[in-house]
Amino acid sequence: MTVKSDLPQGTLELLVLKVVALGPVHGYAIAQRLQHVSRYVVQVPQGSLYPALHRLENRGLLAADWKETETGREAKFYRLTRKGRAQLEKEAASWERLTEAVGLILRLSQGGAQ
Amino acid sequence: MTWWHRLLRRRQLEDQLDKELHFHLEQHTTDLIARGYDPEEARRQAMLALGGAEQVKEECRDARGTRWFEDLLRDFHYALRTLRQRPGFAAVALLTLALGIGATTVMFTLINGVLLKPLHFPDPDRLFTLNEQTKGITDYRWGDLWAYSYPNYLDCKRQSSSLDMAAWRYKRGTVSAPGEAEHVDGAEISSELFPVLGLTLTRGRAFLPEDDQPGAAPVAIISYGLWQRHYGGNPGAIGKPLVLEGSSYTVVGIAPPGFRLSWEPDVFTPLGQDTRTYMQRRDAHPGIRVWARLRPGVTTEEAQTELAVIGRRLAAQYPKTNTGRGFVARPLRQELVVELVGDDRGTLWLLLGAVSLVLLIACVNVASLLLARAVSRERELAMRVALGASRGRLVRQCLTESAVLGLAGGVLGFWLAVVGSRPFVAFWPGSLPRAEEVQLDWHVLVFALAVSLLSGFLFGLAPALRAPTRDLEQILRAGARTVAGSSRRLHSVFVISEIALAVVLLVAAGILGQTLLRLSSLNPGIDIRNLLVTRAALSPAVLANPARIPAAWQELLDRVCRVPGVQSVATVDTVPMREGNNQIGYWTNAAVPEKHQMPLALSNSVSPDYLKVMGIPLLEGRFFNDHDRMGSKPVIVLDEVMAKHAFGSQDPIGKNLWMPDMPCIGPKGETFYDCTAPYEVVGVVGHVRYWGLAGDDQAHVRDQFYYPFAQVPDPFLARWSELMSIVVRTKIPPLNLLEPLRREVRGAAGDQVLYEVYTMQQLASRSLAQQRFLLLLFGIFAGLALLLACIGIYGVLAYVTSRRVPEIGVRMAFGASARDVMQLVLGQSLVMIFAGVGVGTAAAFIAARLLEHLVTGVRSIEPLTFVAMICVLVAAALMASFLPARRASRVDPMRALREE
Chain Z
1 MTVKSDLPQG TLELLVLKVV ALGPVHGYAI AQRLQHVSRY VVQVPQGSLY PALHRLENRG
61 LLAADWKETE TGREAKFYRL TRKGRAQLEK EAASWERLTE AVGLILRLSQ GGAQ
Chain H
115 MTWWHRLLRR RQLEDQLDKE LHFHLEQHTT DLIARGYDPE EARRQAMLAL GGAEQVKEEC
175 RDARGTRWFE DLLRDFHYAL RTLRQRPGFA AVALLTLALG IGATTVMFTL INGVLLKPLH
235 FPDPDRLFTL NEQTKGITDY RWGDLWAYSY PNYLDCKRQS SSLDMAAWRY KRGTVSAPGE
295 AEHVDGAEIS SELFPVLGLT LTRGRAFLPE DDQPGAAPVA IISYGLWQRH YGGNPGAIGK
355 PLVLEGSSYT VVGIAPPGFR LSWEPDVFTP LGQDTRTYMQ RRDAHPGIRV WARLRPGVTT
415 EEAQTELAVI GRRLAAQYPK TNTGRGFVAR PLRQELVVEL VGDDRGTLWL LLGAVSLVLL
475 IACVNVASLL LARAVSRERE LAMRVALGAS RGRLVRQCLT ESAVLGLAGG VLGFWLAVVG
535 SRPFVAFWPG SLPRAEEVQL DWHVLVFALA VSLLSGFLFG LAPALRAPTR DLEQILRAGA
595 RTVAGSSRRL HSVFVISEIA LAVVLLVAAG ILGQTLLRLS SLNPGIDIRN LLVTRAALSP
655 AVLANPARIP AAWQELLDRV CRVPGVQSVA TVDTVPMREG NNQIGYWTNA AVPEKHQMPL
715 ALSNSVSPDY LKVMGIPLLE GRFFNDHDRM GSKPVIVLDE VMAKHAFGSQ DPIGKNLWMP
775 DMPCIGPKGE TFYDCTAPYE VVGVVGHVRY WGLAGDDQAH VRDQFYYPFA QVPDPFLARW
835 SELMSIVVRT KIPPLNLLEP LRREVRGAAG DQVLYEVYTM QQLASRSLAQ QRFLLLLFGI
895 FAGLALLLAC IGIYGVLAYV TSRRVPEIGV RMAFGASARD VMQLVLGQSL VMIFAGVGVG
955 TAAAFIAARL LEHLVTGVRS IEPLTFVAMI CVLVAAALMA SFLPARRASR VDPMRALREE
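In order, the protein sequences belong to chains Z and H. Read in our numbering, the first sequence has 61 at position 61, and its numbers run on one by one without any break. Position in the second sequence counted from 1, then plus 114, gives you our numbering.
Here chain Z stands alone, though its shape is the one from the complex (with noise of 0.2 Å):
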């Protein structure tokens, strides 16, 4: 299965990637990051982020262990696997491409307009 990096579904994954690439990190604390660093402008429905991060699993790109958390509780820690971290360079790179280009686009219809 390929993800195509314009669509909504691949964009998710993509950011799941980053930041599961920072460190290993459980479901629930990348939902928060997603929206800390997001500054709330990105609103990660939580319900697709499990369904998201189990497909990176079963395709080898995430690994997963069970370990406590601080708080002593036990969670499942996802992190980034080497085939995981060529992905996330390759799609990161794809996507500066792609927003490169469509902004160079927009600039243009603009300048087009004038």
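It should be emphasised that the hints constitute simulated quantities derived from the structure, not laboratory data. Note that the coordinates shown come from a computational prediction; the quantities given were computed from them, not determined experimentally. Take these hints with a grain of salt, some might be off.
Calculated lysine to aspartate or glutamate pairs in the EDC-like style (CA-CA distance at most 16 Å, straight line) [unchecked claim]:
no.: 1; chain 1: Z; residue 1: LYS18; chain 2: Z; residue 2: GLU96
no.: 2; chain 1: H; residue 1: LYS845; chain 2: H; residue 2: ASP641
no.: 3; chain 1: H; residue 1: LYS133; chain 2: Z; residue 2: GLU74
no.: 4; chain 1: H; residue 1: LYS133; chain 2: Z; residue 2: ASP65
no.: 5; chain 1: H; residue 1: LYS171; chain 2: H; residue 2: ASP129
no.: 6; chain 1: H; residue 1: LYS133; chain 2: Z; residue 2: GLU68
no.: 7; chain 1: H; residue 1: LYS133; chain 2: H; residue 2: GLU184
no.: 8; chain 1: H; residue 1: LYS271; chain 2: H; residue 2: ASP129
no.: 9; chain 1: H; residue 1: LYS769; chain 2: H; residue 2: ASP740
Given the coordinates of chain Z, assemble chain H onto it according to the supplied hints.
Quick look at chain H alone, frame taken from chain Z:
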């Protein structure tokens, strides 16, 4: 984690998923409480944010990619449960399927073993058989392919760099020591044969190139069987002498058990030691077969190209013999299967076809059972659609159910095949060639599996496609007892196709039965009772000296006559209804044309008593007597068919025929097979069904003639004597005389033997074996088909009628009598029966043509057989319809209406 892990550990995954979401909710709740929410409200908010735990779980499960399989498992369990709930239905369906699949698998096991299995040689696909091929000249018997001449073989072998070649040639002879004298089949082989085939000997060594030379020390390889019979399986046999045709050979090796060329040879001698003249002649083709293996890295095309080059080179070098003569390679497997199995191929495919029809009927039956069930489950299915099941999901569930049925039937059927195929092979007429190859292997397993799934799919399709999509409301609202029109139509189609299939099988069985009856009542042209036929081998010492041969035969006949119970005896070279014949071209004037333009006749060289012994009637003129000998005018006697063919309405007696292929010596004494002198016809006798009771009418060569053995010139006597048979007319059952005859014939040196012993009755009966066997099987298949079709008709009518009870109730309430109701139901079934008969008759015509083509003795379509068989079917079908009709006629209108 792989797919398999995810599948096998799905319970653990469920727990973890639950735990993970639980943790998420708790954390979120705790956070919200910390921000000042009321605990109850915090919990509600957290759940809202997640958006329904069950839905998230479902999506996570989908992410695993094992969903379809879990569904399959669930459907599977469901199917098993529903089958268990209706054991009667399950039993009937399973039995029907097991019979169909079992019978089909048995037939496929046979075909797989006999026709499809590769040879028992390593890397068999790189083995080829080589032939000489002529351009332009087409021989009347063998087309444009020829066996090799020995010099051509040697040149090809030397010049080829792409093929490793080996040659062999049929040979037979009497092994007179050690042990009791026995006449055996054998082969002269080149030293390369075993290495080329990739076989190692059980013991000892293969021939060496230095054995394969003229004048080398005589050595022999013996078969595993001969080793057991004559040497008691003693390893010390190597190096011991073996006396074959009076000469002593040293045994150097023992062939692997079961080794066979086209036959199973018992003795092998080096081909290169054969120094007879035809081995040196490039224009002689003494039946030398060449097998070859592609060298590593060489393609078939390269080998063919190289053979063509060699062919052109030899043609330039030896224009007299090799002009227009090339060499071709063909796959050995194909060649050998054709040679070994021959006519049985058609029979096998025919039976597989017939048995598939039975399977098809079985499938239709189960389909109609399932359909009836699907209709009664229509409301259940509609309910599920209303609750959100997709149509695809329902179709999948239906197909899973039928696949479960199909597989269960397949397992039973496979078991039937395991039990049934051995006895079936043993039952094959004559003996089935390559029977030892008939085993259940993975090919058969795959076939059975495929057949089971395919039939499951076939009979599951109709009910599955009826999974409801539209008019849910109507279905849910409608009473349980209405039969949708489309289901009734589909049921009729099932019944019609069942009847059509049954008609095909019944008519086929009828045609075969009728053929067998007709053939058995034919006059074979000879008196087959109390007649023993056997080949006889003279002492090898006699054969070495042709001048002694005529006297030796006379002495052998005298000895036979002395055995009490023997009435008369004669010699003959070829015997009616047995393998082997001599075909010779003839012409009515001296201007003899090219060989392939002459009509052919079967030749028999006989002693004067032959006619009397066989009981062939003399129609005109005379048969031979002791005055027909070397030096007197060459004479022949024709059968009535040849007399008519050659001379029409003229009187053949005293006329001449020219036959250049007859054994005679030309003016200079060295010419073979090139007779210019005519033969005088002195008598006409009755026609003999030489090709068997079944085959004779359709045979290509039906002309027969006889010539006196006493007029065969000396140089031919040894060759003629090698294959001579005697026919013995007895006063008591002939097989009782076998032992006394063997003892009496053995002779002074104890090395004269009888072999290939038959009674004429056995030969005549054997000539109908194929027909008898096919009739038996087709009879069984047709019976099965008839039974299944009747069950089908009964089932469908009973079902449809039971659904119509309310309607019938109304009719009766309005004054219809029991008779009217019977007529209504029977009329409905008659329509289906006749539609089926119509379709079936058309198909049966095709089947009849096929039989005519494949089975010798079947004549063109006989209307009476058709009519008789169709009457049987209609009667049986009506009987099956009678029960439901009578039940319908006894419906109590009041009760029926109340039920509605």
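Holds or violated: H/LYS271 and H/ASP129, Cα atoms, limit 16 Å.
Roughly 75 Å between the alpha carbons, so the hint for H/LYS271 and H/ASP129 is violated.
Would the hint linking Z/LYS18 and Z/GLU96 be met if the CA-CA limit is 16 Å?
Given pair Z/LYS18, Z/GLU96 holds - Cα atoms ~14 Å apart, limit 16 Å.
Would you check the hint for H/LYS769 and H/ASP740, treating anything up to 16 Å between C-alpha atoms as holding?
Violated - the C-alpha atoms of H/ASP740 and H/LYS769 are around 21 Å apart, more than 16 Å.
Given the hinted pair H/LYS133 and Z/GLU74, is their Cα-Cα distance within 16 Å?
9 Å, holds
With a cut-off of 16 Å on the C-alpha distance, tell me whether H/LYS133 and Z/ASP65 pass.
Cα-Cα ~13 Å, so holds.
Assess, step by step, whether the Cα of H/LYS133 is no farther than 16 Å from the Cα of H/GLU184, and give holds or violated.
Cα-Cα ~22 Å, so violated.
Just to be careful, I want the Cα atoms of H/LYS845 and H/ASP641 compared with a cutoff of 16 Å; is the pair within it?
13 Å, holds
Agreement of H/LYS133 and Z/GLU68 with the hint, judged by alpha carbon distance not exceeding 16 Å:
13 Å, holds
Quickly compare the C-alpha distance for H/LYS171 and H/ASP129 to 16 Å and report which way the hint goes.
11 Å, holds
The structure does not agree with the numbered hints 7, 8 and 9 stated previously, though it agrees with the rest.
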